[in-house]
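Colleague: Residues per chain are reported as follows:
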Amino acid sequence: MYREFAAAAIFLVAMAAVITRPRRLNESIAAALGGLAMLVFGVLRPDQALAALASEWNLFLFFLGLMLISGLADAAGFFDAAGALAVAAARGSGRLLLLTVFLAGAAITTFLSNDATALILTPVVYSVTARLRLPPLPYLFATTFVADTASMTLPVSNPINILISDRIALNLGMYAGHLLAASLVAIALNAALFLVVFRGELGRRFQADWRTVLIEAVPNRRLFRLTCAGLAVIAAAYLAASAGRLPLGSVAVGGAALLAVLALITRSLRPARVRDHVSLSLLLYVAGLLVLVRGIEEAGLTAAVVGWLAGLARGQVSAVVAGLVGAAIGANLINNVPATLVLLSGASSGPLEAQLRLPFLMGALAGADLGPNLTPVGSLSTMLWLVIVRRHGVQVSNLDYLKLGAIVTPALLLTAGLVIATTFQP
Amino acid sequence: MRILIGVAERGAPELLAELDRLVPLSGSELVLVHVIDNGARGEMDLARGRLLPRPMPKHRLRAIGDAERRAAEVALDEVATVAKSLGALPEALSAEGEPGRVVSRLAEERSCDLVAVAARVDREHERPGPHSVGHSARFVLDHSPRPVLLLRGPVAIT
Numbered sequence: 000m001y002r003e004f005a006a007a008a009i010f011l012v013a014m015a016a017v018i019t020r021p022r023r024l025n026e027s028i029a030a031a032l033g034g035l036a037m038l039v040f041g042v043l044r045p046d047q048a049l050a051a052l053a054s055e056w057n058l059f060l061f062f063l064g065l066m067l068i069s070g071l072a073d074a075a076g077f078f079d080a081a082g083a084l085a086v087a088a089a090r091g092s093g094r095l096l097l098l099t100v101f102l103a104g105a106a107i108t109t110f111l112s113n114d115a116t117a118l119i120l121t122p123v124v125y126s127v128t129a130r131l132r133l134p135p136l137p138y139l140f141a142t143t144f145v146a147d148t149a150s151m152t153l154p155v156s157n158p159i160n161i162l163i164s165d166r167i168a169l170n171l172g173m174y175a176g177h178l179l180a181a182s183l184v185a186i187a188l189n190a191a192l193f194l195v196v197f198r199g200e201l202g203r204r205f206q207a208d209w210r211t212v213l214i215e216a217v218p219n220r221r222l223f224r225l226t227c228a229g230l231a232v233i234a235a236a237y238l239a240a241s242a243g244r245l246p247l248g249s250v251a252v253g254g255a256a257l258l259a260v261l262a263l264i265t266r267s268l269r270p271a272r273v274r275d276h277v278s279l280s281l282l283l284y285v286a287g288l289l290v291l292v293r294g295i296e297e298a299g300l301t302a303a304v305v306g307w308l309a310g311l312a313r314g315q316v317s318a319v320v321a322g323l324v325g326a327a328i329g330a331n332l333i334n335n336v337p338a339t340l341v342l343l344s345g346a347s348s349g350p351l352e353a354q355l356r357l358p359f360l361m362g363a364l365a366g367a368d369l370g371p372n373l374t375p376v377g378s379l380s381t382m383l384w385l386v387i388v389r390r391h392g393v394q395v396s397n398l399d400y401l402k403l404g405a406i407v408t409p410a411l412l413l414t415a416g417l418v419i420a421t422t423f424q425p
Numbered sequence: 000m001r002i003l004i005g006v007a008e009r010g011a012p013e014l015l016a017e018l019d020r021l022v023p024l025s026g027s028e029l030v031l032v033h034v035i036d037n038g039a040r041g042e043m044d045l046a047r048g049r050l051l052p053r054p055m056p057k058h059r060l061r062a063i064g065d066a067e068r069r070a071a072e073v074a075l076d077e078v079a080t081v082a083k084s085l086g087a088l089p090e091a092l093s094a095e096g097e098p099g100r101v102v103s104r105l106a107e108e109r110s111c112d113l114v115a116v117a118a119r120v121d122r123e124h125e126r127p128g129p130h131s132v133g134h135s136a137r138f139v140l141d142h143s144p145r146p147v148l149l150l151r152g153p154v155a156i157t
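Keeping their order, the protein sequence lines are chains A and B.
The opening residue of the first sequence carries number 0 in numbering that gives the first Met the number 0; numbering runs sequentially from there.
The opening residue of the second sequence carries number 0 in numbering that gives the first Met the number 0; numbering runs sequentially from there.
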């Protein structure tokens, strides 16, 4: 009883500290201290904690590779070029620009993950709207929403997808079979809803010499071309590795090395630029979470949560719904990474029937990917997005975000859930 | 008469035309003020040391600053041209800070007889009612020591 109580208390205090950040405490420190407390209070033995960390080496490598790839691509002007292309394709229409920003965000999210879109594309889009003197808010909302909405497309589109795919040995064919259609439908629906919600703010036309924008965005053409080729190779390698069930973390780190070599060849490697994108505290945060969740797993609490959700799952379709709703609510209560870890742990060890595990986790993946759009605390990228746009004087209150999330997110979840459910037997 | 006019990236020429209909501007001195909002810089400090990248690399901040300044220059040039065509005597000022606070302060410093602000920027069909006055315009209404004229419709103040 002591163990259960201690595990639950440590987990809840650590999660509260991650979300509320008392005295500006860094989330990664809060999560790491929580993980340490699991050891100090005897919930976990050190070897169990180490095993929890070691089993996710692929995830750590993937995060590291992803940050390096984003940094190297940004230094080559890739994201600014994406912004310039979105402007060119919009042909002077504010309405069309919303769609092209959506498309650029979806493509970047699909291959470079949700964080690249929320953190790197957002300031690029802000610069574009400032330059074109367009109202920034619809476009900034578009980048943060598409970062989550498109993050279900491929296993590499969101680290959460890798977490789940790794744990249940899902190859690309199975992944796409259950999730690709749902993802594409969700992206299209999100764009359509935005066109309606922001219809009063998109009527302006603009004039832009996008070639000038592109030339300014790309400091070194040779580096840019090589980086684009390198990114295409990385995208193909991701697909091949997902299909063959090879570790995506190694592909990401290898891809980063490839881009670094290309930058070296053109004598334009800028380590300071790349360093700006790498955060070791993110790795510490994930490590802390893994130990925290292992603690409550050992105490049987994750099985209890999933056991309760499993009670709602009578067949494969209701298992999709249970996973989707559980992950979406969990993502908005405690953030999507820990929510996924809890459900994954419970689904692996809990009372879920074997044939319901896959539909439950496919639903959970969709809920954890799309659900964060509901509130600003749903995903880390959204929280950081809010900070970025407020810094630039765009008045977005949590209530504004919540109102938009309340309109768009339930529709996305419902539609994606229905499409995923059709991929299973009724 | 000296009138201070808040100029946003969008809609300032319309604001001026609307104002001219109510208060003929010919011969008036117009203080055209554009403010780049940096009121939320504290948020940036909050973000430092957070998880992912220290949120804004310096080159990105520079790019955004350049884009904002360029947009401000174009907006001020545009509205100054309209002001001259109406027979007014414009003076363009660019500043950084919280727009409502800067506009209220400059109205006093420049001894303006009137401050003209738009209720909201960016919403083309805002109806009168709750929340129809934006944050910056609300601040000017509350704090300006000089008389304020609030304009509605597709006009703008940052």
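I should point out that these hints are in silico values taken from the structure, not numbers from a laboratory.
Treat the hints loosely; a few may be bogus.
[Said to hold, decoys possible] Here are the computed distance ranges between Cβ atoms for each label pair:
| hint | chain 1 | residue 1 | chain 2 | residue 2 | range |
| --- | --- | --- | --- | --- | --- |
| 1 | B | Arg-1 | A | Arg-224 | 50 to 58 Å |
| 2 | B | Leu-148 | A | Ala-228 | 41 to 49 Å |
| 3 | B | Glu-107 | A | Thr-211 | 35 to 43 Å |
[Claimed, not checked] Away from chain B, derived, C-beta distances all over 12 Å, residues of chain A:
| hint | residue |
| --- | --- |
| 4 | Leu-11 |
| 5 | Leu-118 |
| 6 | Thr-121 |
| 7 | Thr-128 |
All C-beta atoms in this analysis are idealised placements derived from N, C-alpha and C, irrespective of residue type, glycine included.
Colleague: Now look at each hint and say whether the structure bears it out.
Modeller: Okay, the hints, checked on the actual structure:
| no. | hint | verdict |
| --- | --- | --- |
| 1 | B:Arg-1 <-> A:Arg-224: 50 to 58 Å | holds, 56 Å |
| 2 | B:Leu-148 <-> A:Ala-228: 41 to 49 Å | violated, 58 Å |
| 3 | B:Glu-107 <-> A:Thr-211: 35 to 43 Å | holds, 41 Å |
| 4 | Leu-11 | holds, 20 Å |
| 5 | Leu-118 | violated, 6 Å |
| 6 | Thr-121 | violated, 10 Å |
| 7 | Thr-128 | violated, 9 Å |
In summary, the structure is inconsistent with hints 2, 5, 6 and 7 from the numbered list given earlier, while agreeing with the others.
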